[in-house]
Every structure is written in C-alpha cells, then in structure tokens.
Amino acid sequence: MKFDKEKKENFMLEKYLIVFFVSMVPLIELRGAIPIAEGLQLPFVQYYIVAILGNMLPVPIIYFFARKVLVWGSTKPVIGKFFSWCLDKGERGGKKLQEKAGKGLFVALLLFVGIPLPGTGAWTGTLAASILDMDFKSSVIAVMLGVLLAGIIMAAVSMGAFGALGALF
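Here the sequence shown is numbered in our numbering, starting from 176 and rising by one per residue.
It is possible that some hints are incorrect.
Said to hold, decoys possible - Here are the computed lysine-lysine pairs in the DSS-like style, where the Cα-Cα straight-line distance is at most 30 Å: (1) Lys-243 with Lys-271; (2) Lys-251 with Lys-278; (3) Lys-180 with Lys-190; (4) Lys-251 with Lys-271; (5) Lys-312 with Lys-243; (6) Lys-275 with Lys-243; (7) Lys-264 with Lys-275; (8) Lys-256 with Lys-190; (9) Lys-256 with Lys-270.
None of these hints come from the bench; they were simulated from the model.
Remember, predicted model here, so these are calculated numbers, not experimental data.
I would like the entire structure built from these sequences, with the hints used as guidance.
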C-alpha cells in the first residue's frame with residue numbers, strides 16, 4: 176500500500192512541476208499553465224499558487240538582464256533577428272503603455288500583464304517596464320498584480336470550458 180501512495184504522490188508532484196515550468200515559458204506563461212492544470216484536475220488554490228510562483232520567478236532576471244542580453248544578441252549572426260524582434264516587441268509594448276497611461280503607468284502595466292491576450296504577460300510587461308526605466312519595486316508589484324488578475328481570468332475561463340466539456344461528455 177505504501178508503494179501506491181508514494182507513486183500517487185510522485186505523480187501529483189509531476190503535475191505541479193509541469194504547471195510550474197509551463198508558467199515560466201515566455202509567451203505561454205500562466206495563460207497556458209492554468210488550462211493545463213485545470214485539465215489535469217488539480218485543485219484550484221494549489222495550482223493557482225504554483226502557476227503564479229512559476230510566472231513570477233523570472234521577473235527579476237528579466238528586469239535586470241533581459242534588455243542587456245537582447246541588445247548584445249541583436250548584433251549576432253544566428254540569433255540577431257530573434258533578439259531584435261524581442262527587443263522591438265518590448266520597446267513597442269513600453270511605448271504603447273506610456274502613450275496610453277501617461278502618469279498612470281503602474282495601472283497600465285498591471286492591466287497590460289493582467290488581461291490575458293497574445294503578446295501580453297509578465298515577460299513582455301517586465302521587459303517593457305525595464306525599457307521604460309520604471310523603478311524595480313513598482314514594476315514587480317504591477318506585474319505581480321497583473322499576474323494575479325490574469326490567473327483569475329484564466330482559471331474562470333478554464334473552469335467554464337472544462338465544465339462545459341464535462342457536461343457534454
């Protein structure tokens with residue numbers, strides 16, 4: 176019996192690790208991790224926390240190093256085009272935020288990260304904040320609140336979608 180319990184616990188840990196690592200992937204982030212967690216039938220509170228932690232873990236690294244790495248890589252032969260594309264995306268996102276927000280940049284960043292649309296999220300939002308030279312503390316708080324909002328939206332959508340599928344089958 177102990178073997179079965181241990182095997183089940185390892186399987187659950189694997190599910191949570193999938194959610195954690197998927198939420199760290201650029202462009203996918205928790206927008207992909209939460210539907211996966213819902214599909215794996217994990218409990219909401221646990222998967223929500225795991226997805227938030229995974230999505231937020233890269234934020235300080237992105238804030239302090241991404242712009243430097245992208246500028247450096249944009250001149251390299253093999254990776255230059257991709258790095259330039261990432262840098263341009265961050266700059267465009269930052270400029271759009273600044274134009275729309277004015278003095279409300281904090282709220283604009285929060286909403287940019289929090290409304291789960293393609294091309295928005297913690298990675299792009301943090302890069303944009305870095306490019307706009309927002310201070311670190313404000314950037315992290317705005318991104319964190321945005322990630323929390325996006326997580327709630329994605330969980331509601333995922334629960335609704337899986338609930339509807341469950342009712343059909």
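Agreement of Lys-264 and Lys-275 with the hint, judged by alpha carbon distance not exceeding 30 Å: Since the Cα atoms of Lys-264 and Lys-275 sit roughly 16 Å apart, the hinted pair holds (cutoff 30 Å).
Satisfaction of hint between Lys-271 and Lys-243, Cα-Cα up to 30 Å: 21 Å, holds
Pairwise hint evaluation, Lys-243 against Lys-312, where the allowed Cα distance is 30 Å at most: This hinted pair holds, its Cα atoms lying about 19 Å apart.
Given pair status - Lys-190, Lys-180, alpha carbons within 30 Å: Holds. Lys-180 to Lys-190 sits at ~15 Å (cutoff 30 Å).
Proposed proximity, Lys-243 with Lys-275 (alpha carbon, max 30 Å): 26 Å, holds
Restraint status (C-alpha distance of Lys-251 to Lys-278 at most 30 Å): 37 Å, violated
Restraint status (C-alpha distance of Lys-256 to Lys-190 at most 30 Å): 35 Å, violated
Pair hint outcome, Lys-256 versus Lys-270 [Cα-Cα no greater than 30 Å]: The given pair, whose Cα atoms are some 21 Å apart, holds under the 30 Å limit.
Holds or violated: Lys-251 to Lys-271, with C-alpha atoms at most 30 Å apart: 28 Å, holds
Checked against the numbered hints given earlier, this structure breaks hints 2 and 8; the rest are met.
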